[in-house]
Amino acid sequence: MAELNIDNVYKSFGETHILKGINLSIQDGEFVILVGPSGCGKSTLLNCIAGLEEVTDGRIVIGKDDVTHAAPKDRDIAMVFQSYALYPNMNVRKNIAFGLEIRKMPKEEIDAEVHRVAKLLQIEPLLDRKPSQLSGGQRQRVAMGRALARRPKTYLFDEPLSNLDAKLRVEMRTEMKKLHQRLGTTIVYVTHDQIEAMTLADRIAVMKGGVVQQFGTPQEVYDDPANIFVAGFMGSPSMNFLNCEVTESGGNYAVQVDSEGRIFQLPIDPKQADLSQYLGKTVILGIRPEQITHVMPHVEAEPFVTKVPVKIEVTEPTGADTLVLARINDQECECRVHPTEAGKPGEMMEMLFNMSKAVFFDPETEERL
Amino acid sequence: MSVSNKKGLDYWLPKLVVSPTVAITVIFFYGFVIWTAVLSFTKSRILPQYEFVGFDQYVRLFLNDRWMGALTNLLVFGVLFIAICMIVGLIMAVLLDQNIRAEGALRTIYLYPMALSFIVTGTVWKWLLNPTVGIERFIRSLGWDSFTFDWIIDPNMAIYTIVIAGVWQASGFVMAIFLAGLRGIDTSIIKAAQLDGASLFSVYTRIIIPSMRPVFFSAFIMLAHIAIKSFDLIIALTGGGPGNSTDVPAIFMYQFSFQRGQLGMGAASAIIMLMTVLAILVPYLYSELRTPKNG
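Chains as they are written, first to last, in our numbering: chain A, 72 to 440; chain B, -10 to 284.
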């Protein structure tokens, strides 16, 4: 177990710059998730940590050891791959034992270790099977078992759940979290699935274009996004972005929205943003669908809540909630309402806009205000 | 035009198009195999005749010294040819798999010998191995006067010259098969093994090569049937000589059937060769066809 410091890491392949100065300081025992769209450099960063790719510039420090130029095997890390990368010619027992055999561990200790891991992951009945005889979920467990057997300082996971079907993925996600709680080791985990990131991570590093956009706890990233990209990437359905003009009403700043020709002022919580510089200008209002709901009397009385009638374009029932697509300021805006309250497409419906968690972005820089 | 008429054409056209091929295959392939089998049980000499003598021709065949010599040669040639081709092919494939530059060009160069006819290979190697014009003369002309490389005229060594030419021709092809196998291996397996601490050498010897067993098997099958049926290479290279020292079953079959008027015995030897090929192919096909069940 050890902390992991990634210090100003650059990685380029010729003229293609994949990582552009990554700084991450990961604490001992922390579960950190690198999340981002395809091509954002998250897997490259993981490979750099593993030593499978040499960094172009910068340092990687695990514990007290600078491992920037160390071979993968000397970094004391284990990695679980998306394709599981099980050795096809060996049975499960051999797969788990391989790394230990290479390290010349005595035979009895290897056996004991294989059994410990197999018991931990409940794969004891599979020990004599070949990988080709296992289901996806079982392969996944074996791949984790292989990583666990060496008791490394740090675990790296490269999209380990993305080859599983949806149901199994949710199960394995929970198991992964339990496992981390039991082991308490440092984990760096790459995924493109923001739900996986939210549910598993202690801290999330949202990446785009080879740059870490934001590094924080799931709640921070969700409530307090650093820019439009992070705000839009995290959360499903994603945040609504509406271009609005900033006005002043009753000593408070507000943004102006237009619904079917009627103008409404949505007062802004001064804690969320200081928009004094933007009076009369356009900003991007970021508001999550769950902050636009049907009329609920106990919410209506709260400050920064405004009632706005909107025209329903489309409704999408999800079971627990119904998503209502409305048109505000001539832009699409998704609202989350209780299924029984949802109107029909073409009808008008009154919505409560709760601005207490709304965020604002500069339309030019797309940075948070 | 009625609907049923149209349907009829749709139904018959594919069968019509395929039928000449099927007919040709049935008559000239299976038909002649059966005819050969029938002849092998008859007293046929220079022309086919149908006086059946049971297994007499087979008994005569296996009492014939030349046939036994041909079988021995086939064994020597087959074992060496298959083993060396596999080793050379595998080494070339592994070396070519190291992300080297101009891999496509090199691969093509290695594969070219396979594009040649065995007759061409045989002729070229006959010249190369000929002591008076080939390698021996070349080395001597460089100054090593006592250099000798006359295997092709040495009855004890001539069979090995066939191995040399055969390996030269087929190992590039084996390399291509192995390379395809190596490429089929998930690169993250290699990464995983690196993280486990395995050296590149043990990654190959302990993981990649063992997991290519089906590829080895395919290569073996192809080389084995090339070896058993080899005829043109030997005809071109040594003509079965010196003496009968490079005789193989295919040459034996040809000479006894068509030059020595022993059609019955030739047919018997042909059937033995067919059985040998089948003995290799049937287990292969069996294992190939049942693999999907194992996933």
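Hints are not guaranteed to be accurate.
[Claimed, not checked] Think about it this way: if two alpha-carbon atoms lie no more than 20 Å apart in a straight line, the pair counts; the simulated SDA-like pairs of lysine to any residue are:
no.: 1; chain 1: A; residue 1: Lys201; chain 2: B; residue 2: Ser188
no.: 2; chain 1: A; residue 1: Lys201; chain 2: B; residue 2: Thr176
no.: 3; chain 1: A; residue 1: Lys165; chain 2: B; residue 2: Thr31
no.: 4; chain 1: B; residue 1: Lys218; chain 2: B; residue 2: Met103
no.: 5; chain 1: A; residue 1: Lys415; chain 2: A; residue 2: Thr436
no.: 6; chain 1: A; residue 1: Lys201; chain 2: B; residue 2: Pro199
no.: 7; chain 1: A; residue 1: Lys175; chain 2: B; residue 2: Ser188
no.: 8; chain 1: A; residue 1: Lys175; chain 2: B; residue 2: Leu189
no.: 9; chain 1: A; residue 1: Lys144; chain 2: B; residue 2: Tyr193
no.: 10; chain 1: A; residue 1: Lys165; chain 2: B; residue 2: Leu189
no.: 11; chain 1: A; residue 1: Lys178; chain 2: B; residue 2: Gly186
no.: 12; chain 1: A; residue 1: Lys144; chain 2: B; residue 2: Lys218
no.: 13; chain 1: A; residue 1: Lys144; chain 2: B; residue 2: Thr137
Hints were generated in silico from the structure; no laboratory data involved.
Cross-check of the supplied hints:
no. : hint                : in the structure
1   : A/Lys201 - B/Ser188 : 23 Å, violated
2   : A/Lys201 - B/Thr176 : 19 Å, holds
3   : A/Lys165 - B/Thr31  : 58 Å, violated
4   : B/Lys218 - B/Met103 : 16 Å, holds
5   : A/Lys415 - A/Thr436 : 38 Å, violated
6   : A/Lys201 - B/Pro199 : 13 Å, holds
7   : A/Lys175 - B/Ser188 : 13 Å, holds
8   : A/Lys175 - B/Leu189 : 17 Å, holds
9   : A/Lys144 - B/Tyr193 : 17 Å, holds
10  : A/Lys165 - B/Leu189 : 18 Å, holds
11  : A/Lys178 - B/Gly186 : 17 Å, holds
12  : A/Lys144 - B/Lys218 : 50 Å, violated
13  : A/Lys144 - B/Thr137 : 52 Å, violated
In the structure shown, a violation is registered for the earlier hints numbered 1, 3, 5, 12 and 13, in ascending order.
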